[in-house]
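Protein chains: 2
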Amino acid sequence: MTNRQIIVAELPQGQLAESHFALHATDMPVPEHGEVLLRTILMSIDAANRSWMQGATYRDAVKAGDVMATYSICEVMASNSEHIAVGDIVAAESVWADYVTRPARKVQKLPKVEILSHLISVYGIAGKTAFHGLISVGKPMAGETVVVSAAAGSVGGYVGQIAKALGCHVVGIAGGAEKCKWVVDKLGFDTCVDYREKGLFKTLRAACPNGIDVYFDNVGGPILETTLALMNEKGRIACCGAISQYDSSTPTGPRNLPGALVVKRLRMEGFIVMDFANEDAKAIRALQTWVNSGQINVTEDIVDGLENAPKALIGLLAGDNKGKRMVRVGPDPKGE
Amino acid sequence: MTNRQIIVAELPQGQLAESHFALHATDMPVPEHGEVLLRTILMSIDAANRSWMQGATYRDAVKAGDVMATYSICEVMASNSEHIAVGDIVAAESVWADYVTRPARKVQKLPKVEILSHLISVYGIAGKTAFHGLISVGKPMAGETVVVSAAAGSVGGYVGQIAKALGCHVVGIAGGAEKCKWVVDKLGFDTCVDYREKGLFKTLRAACPNGIDVYFDNVGGPILETTLALMNEKGRIACCGAISQYDSSTPTGPRNLPGALVVKRLRMEGFIVMDFANEDAKAIRALQTWVNSGQINVTEDIVDGLENAPKALIGLLAGDNKGKRMVRVGPDPKGE
Chain E
2 MTNRQIIVAE LPQGQLAESH FALHATDMPV PEHGEVLLRT ILMSIDAANR
52 SWMQGATYRD AVKAGDVMAT YSICEVMASN SEHIAVGDIV AAESVWADYV
102 TRPARKVQKL PKVEILSHLI SVYGIAGKTA FHGLISVGKP MAGETVVVSA
152 AAGSVGGYVG QIAKALGCHV VGIAGGAEKC KWVVDKLGFD TCVDYREKGL
202 FKTLRAACPN GIDVYFDNVG GPILETTLAL MNEKGRIACC GAISQYDSST
252 PTGPRNLPGA LVVKRLRMEG FIVMDFANED AKAIRALQTW VNSGQINVTE
302 DIVDGLENAP KALIGLLAGD NKGKRMVRVG PDPKGE
Chain W
2 MTNRQIIVAE LPQGQLAESH FALHATDMPV PEHGEVLLRT ILMSIDAANR
52 SWMQGATYRD AVKAGDVMAT YSICEVMASN SEHIAVGDIV AAESVWADYV
102 TRPARKVQKL PKVEILSHLI SVYGIAGKTA FHGLISVGKP MAGETVVVSA
152 AAGSVGGYVG QIAKALGCHV VGIAGGAEKC KWVVDKLGFD TCVDYREKGL
202 FKTLRAACPN GIDVYFDNVG GPILETTLAL MNEKGRIACC GAISQYDSST
252 PTGPRNLPGA LVVKRLRMEG FIVMDFANED AKAIRALQTW VNSGQINVTE
302 DIVDGLENAP KALIGLLAGD NKGKRMVRVG PDPKGE
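Top to bottom, those sequences are chains E and W.
So in our numbering, the last spot in the first sequence is 337, and the numbers never skip.
So in our numbering, the last spot in the second sequence is 337, and the numbers never skip.
None of these hints come from the bench; they were simulated from the model.
Don't take every hint at face value.
Since the list can't tell identical chains apart, any single copy or any two copies may satisfy a pair.
Using 27 angstroms as the maximum straight-line C-alpha spacing, the simulated DSS-like pairs for lysine-lysine come out as follows [stated by the list, open to error]:
{"#": "1", "residue 1": "Lys265", "residue 2": "Lys283"}
{"#": "2", "residue 1": "Lys235", "residue 2": "Lys265"}
{"#": "3", "residue 1": "Lys107", "residue 2": "Lys265"}
{"#": "4", "residue 1": "Lys335", "residue 2": "Lys203"}
{"#": "5", "residue 1": "Lys140", "residue 2": "Lys265"}
{"#": "6", "residue 1": "Lys235", "residue 2": "Lys140"}
If we strip away everything but chain E, and leave its shape as in the complex, we get:
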């Protein structure tokens, strides 16, 4: 019985390509003392994966020759630990492979849920980030206008759906007409503006006839500058990320900062999901309520097969996903 792994054959200089990866067959790993043997079921595919190849961040850099790193959901196949049993479903900082061994104390047992992939999407980082950022930082109220950038992305889609559930007027910003249509049709946003079209300021202004009260920012840069110009007095900007700036060697700060904050008395606040870990139970309960009521449509973009992980990541970086992207490596234990 063999195992498959995907190695980073060469570190990318610029755009990531399939040639930077190589699929290897290896022996089945054997768990040592205190370790567990894991079978990968689902791997999360995130823009952050690419940034790990650029150097150390909140984790060690991924180097040439390493098996590519990922966050996975796995089934325990063998255990040398009292705390983890064979058959447990766990989350792990793992790698692109069919099987891995990990120290038992580094894996996290997951609750039983109907659909395992939801633990990566709506009840995972994506849904929790959307909930905490919107609720605790943006603080929207029914009747207010909420704008979300990267609206077709894994976080943005949940932000807009939560805001709709709260009674807000919700406007997305996404790239391309097809994505914008999907954001409105599948996620129920009131409207979605294509930032690739000319005249974003005018289009966005028309989409927000009462101005913007809350802006959930995933992108920074010129889109942030444009929304700042349309914010209402006492508006809130939840800063979740700045995708537009990550690959730039000449970052550009919005030219209307801090002026717009003073004139309109805006609050702009950054957050990361881990800051709100003590409120995760509240988040999960609310998200479950909206999923059950049909107010949140769980959108997942699942690519089948370990061998397709490079393609899935490259596509994500080009923005071709809608909803949370992940790779299914093996079946759910119940045979899904």
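Starting from the known structure of chain E, arrange chain W on it as the hints suggest.
Quick look at chain W alone, frame taken from chain E:
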């Protein structure tokens, strides 16, 4: 009996000069029905005065031929109103003149205080702006590090002194060695950094060995960018103004926005003093407490004589004031 007025003879194109003003002698104004005759005691000199010459803002523009506008403290000399009595001390949106008439309903009776000028400085806009911005937006705590730009200015000086009274480590930023020395010697800041010297980042970092928890920003631009790089996680930035950007035709946003907010989970919030009018009584009581205890040194920069108002404003714009600048036009009623 004649009156003196200072007229805007010509609107400035670029730098303001004395030649843009002219002193005129006119007849004594006579109050009409519902009006009061006011004798000017003190006139507030503010950077905003200059901006009024550039076009309409929150008030009408000042045009060529107008008597120059100002905020004044005056004694009522004659009254055609039941609500205002001769001898009352009032605040008024007024002009650069010895005497003016104003509708009685547009003037505001002032409380009795020991020193009239304090109603423009520590108990006026300057002190209240410092209090509300620091306390309600910055939310500093004893032991934290507070940084203030324009530290020798009318607002900045009170910000630092309030922060010291609260037990914070207080670092000012000001222009020039002499001003920095004054900020430390007269206002009791722990240290003050000269932004005109090279290497602001290193100097400021050395002055803040525990990082920055609260930054009270009066300037925006590159100084804001530098402080952002030194903020601690969960730090707060109270945005009071952006002097560095007002005269610029090519404003530059801090390049580390919004990235720094996300990574360090910072809150950046604009405010204006009027938003906190319902808390002014609390502010005045606190400020009086610190003035009485000697923890706030009331710094005023009083220029004598109506005829010197142009020079006082031109000097303020060049940054030659320390503390709240005003012009004394006439004596206090009690003969000061």
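A quick look at each hint next to the structure:
1. Lys265 to Lys283: between (32 angstroms within a copy, 24 angstroms between copies)
2. Lys235 to Lys265: both (6 angstroms within a copy, 22 angstroms between copies)
3. Lys107 to Lys265: between (47 angstroms within a copy, 26 angstroms between copies)
4. Lys335 to Lys203: neither (51 angstroms within a copy, 60 angstroms between copies)
5. Lys140 to Lys265: Close inside one copy (17 angstroms) and across copies (20 angstroms); limit 27 angstroms.
6. Lys235 to Lys140: both (11 angstroms within a copy, 18 angstroms between copies)
The structure fails hint 4 only (numbered hints given earlier).
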